[in-house]
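Protein chains in written order, with the working numbering: chain P, 1 to 223; chain B, 1 to 250.
It is worth saying that the hints were derived from the structure and are not from the lab.
Just so it is clear, CB atoms sit at the ideal spot from N, CA and C, and this is done for glycine as well.
Watch out, some of these pointers could steer you wrong.
Unchecked claim - Pairs of lysine-lysine, DSS-like flavour, derived with a Cα cap of 27 Å:
| id | chain 1 | residue 1 | chain 2 | residue 2 |
| --- | --- | --- | --- | --- |
| 1 | P | Lys-86 | P | Lys-211 |
| 2 | B | Lys-205 | P | Lys-86 |
| 3 | P | Lys-150 | P | Lys-203 |
| 4 | B | Lys-205 | P | Lys-27 |
| 5 | P | Lys-116 | B | Lys-146 |
| 6 | P | Lys-86 | P | Lys-123 |
| 7 | B | Lys-219 | P | Lys-123 |
| 8 | B | Lys-217 | P | Lys-66 |
Claimed, not checked - Some chain B residues well away from chain P (every beta-carbon gap over 10 Å; in silico):
| id | residue |
| --- | --- |
| 9 | Ala-28 |
| 10 | Lys-40 |
| 11 | Ile-92 |
| 12 | Gly-122 |
| 13 | Ile-174 |
| 14 | Ile-243 |
As a plain string of letters, each chain reads:
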Amino acid sequence: MKERRSEAVIKITDLLFAYPSRDYIFKKFNFNFFKGERIGLVGSNGSGKTTLFHLIMGLLHPPEGKIKIFGKERKAENDFIEVREKIGLVFQDPDDQLFSPTVAEDIAFGPLNLRKNQQETKKILKETLETLGLTGFEDRITYNLSYGEKRLVSLATVWAMQPEILLLDEPTIWLDEETIEKIVQILNNHPHLSYIIISHDKKFLKETTNKTFKMINGKIEKI
Amino acid sequence: MVILIKEKFSEGDSLLHKLDPRVKIIVALLFSVIVAVSDKYTSLIGALFFAIVAVILARLRTREVISRLLVVNSFIFLLWLMLPFTFPGKNIYTLGSLNISQEGIKYALLITIKSNSIILVGIALLSTSSIFNLVHALRHLYLPDKLTQLFFFTYRYTQTIHSEYIRLNNALRIRGFKAQTNFHTYRTYAYLVGMMLVRSYDRSKRVYDAMLCRGFKGKLWTLNHFVFKKSDFITGIVMISCITGVMLLP
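Based on the sequences and whatever the hints tell you, model everything.
This is the structure:
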């Protein structure tokens, strides 16, 4: 990876990680992510794509290696609180993400955790719903939504936290073309957003990202 | 998607549907405690009357209310089979070698009135709010966060776990599984239950992770606060006075 003048917002050096009773997923793993980048992440099943996201968010902790995010080294649980406020991870299964009964409550969960007041939260709620084309969904019951709607609402719940970087884990899987097109448009309407997208959908990656990385044998390479 | 728990009574626009859930919880709690400890027949019949009026005010479908009462009364029916014959007291009738005691009948009657009044008030006051509003109300009444969250997540994820069960069960059936009295069936069911336990545990971890990623720090904040209206106050006072009045009956 080329050195740039500005420092990487996510800088992972010499990372080692393995799940119990499995081979190493990462060995001497290095990765840099710069502000403004829009990258796609591919790789075979079990190559550690989702694991990488979880390491960045501090849901998993590596036994060795350095994770530096926003210029600070992140090690303990408390170091990641700031990371989670600025980086938004959208999970693969929307049933993991949506736990509130109504769409409005679920979208408000993040902003309320950031200690926004009622008025600010309601404003963010309205804007988020507008941006994602979900206006009118406020009082819908989350578990009665269709799968595609659930995926869009999941994205909305993270979007509402106004993250600097988005991490999307297979955002198009099992979605119909219409919904995929909606997501493409949402992402392309916000050219200042940085993100990493895990996906096997080549067409989608071509439309939304400008480079692709591949995870292979515990390493990451540009393709 | 299969919906396991239906909140049949929570939609409507009667007086009781509009009442602040905090008031409803307090009145229902007060009513239940008083009815449970009271043993004056006049008061209990008054309480039953209060409960019936409340259900009428809630304007629910009579058939569904009765079907709920039938479930409870099927258990109470078992008491009627036992208590009159086993409770010591004055013998009023002899049925073969069994003696029916007056105290036994009185006791069974007492339990019947008490449980039916409490169930009816529960239907009229608590079922007329959605679970989520009740959870909010409990939080506003200073019930510990852990308890309200437990209550809420149990409700929310019973749904998901139920659909997981259906998926697993379908996977069994499409491969020709039939429940029989043999070791294969027992083992398969054990696997099914085990798999559901493991999956629920995994699910709970993922949900918690997703919450952490959105800045959860152990406290659920609410978006909509309840507005305590004058009418809520008046209805609350009227209901509490009625309950007190009923209890003071001679």
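The hints, checked one at a time:
1. Lys-86/P to Lys-211/P: Holds. Lys-86/P to Lys-211/P sits at ~22 Å (cutoff 27 Å).
2. Lys-205/B to Lys-86/P: 22 Å, holds
3. Lys-150/P to Lys-203/P: 22 Å, holds
4. Lys-205/B to Lys-27/P: Measuring from Cα to Cα gives roughly 26 Å; hence the hint holds.
5. Lys-116/P to Lys-146/B: 23 Å, holds
6. Lys-86/P to Lys-123/P: 19 Å, holds
7. Lys-219/B to Lys-123/P: 22 Å, holds
8. Lys-217/B to Lys-66/P: 25 Å, holds
9. Ala-28: 21 Å, holds
10. Lys-40: Consistent with the label, Lys-40/B stays out of reach of chain P, its closest Cβ about 42 Å off (over 10 Å).
11. Ile-92: 54 Å, holds
12. Gly-122: Holds: least Cβ distance 21 Å, greater than 10 Å.
13. Ile-174: 20 Å, holds
14. Ile-243: 31 Å, holds
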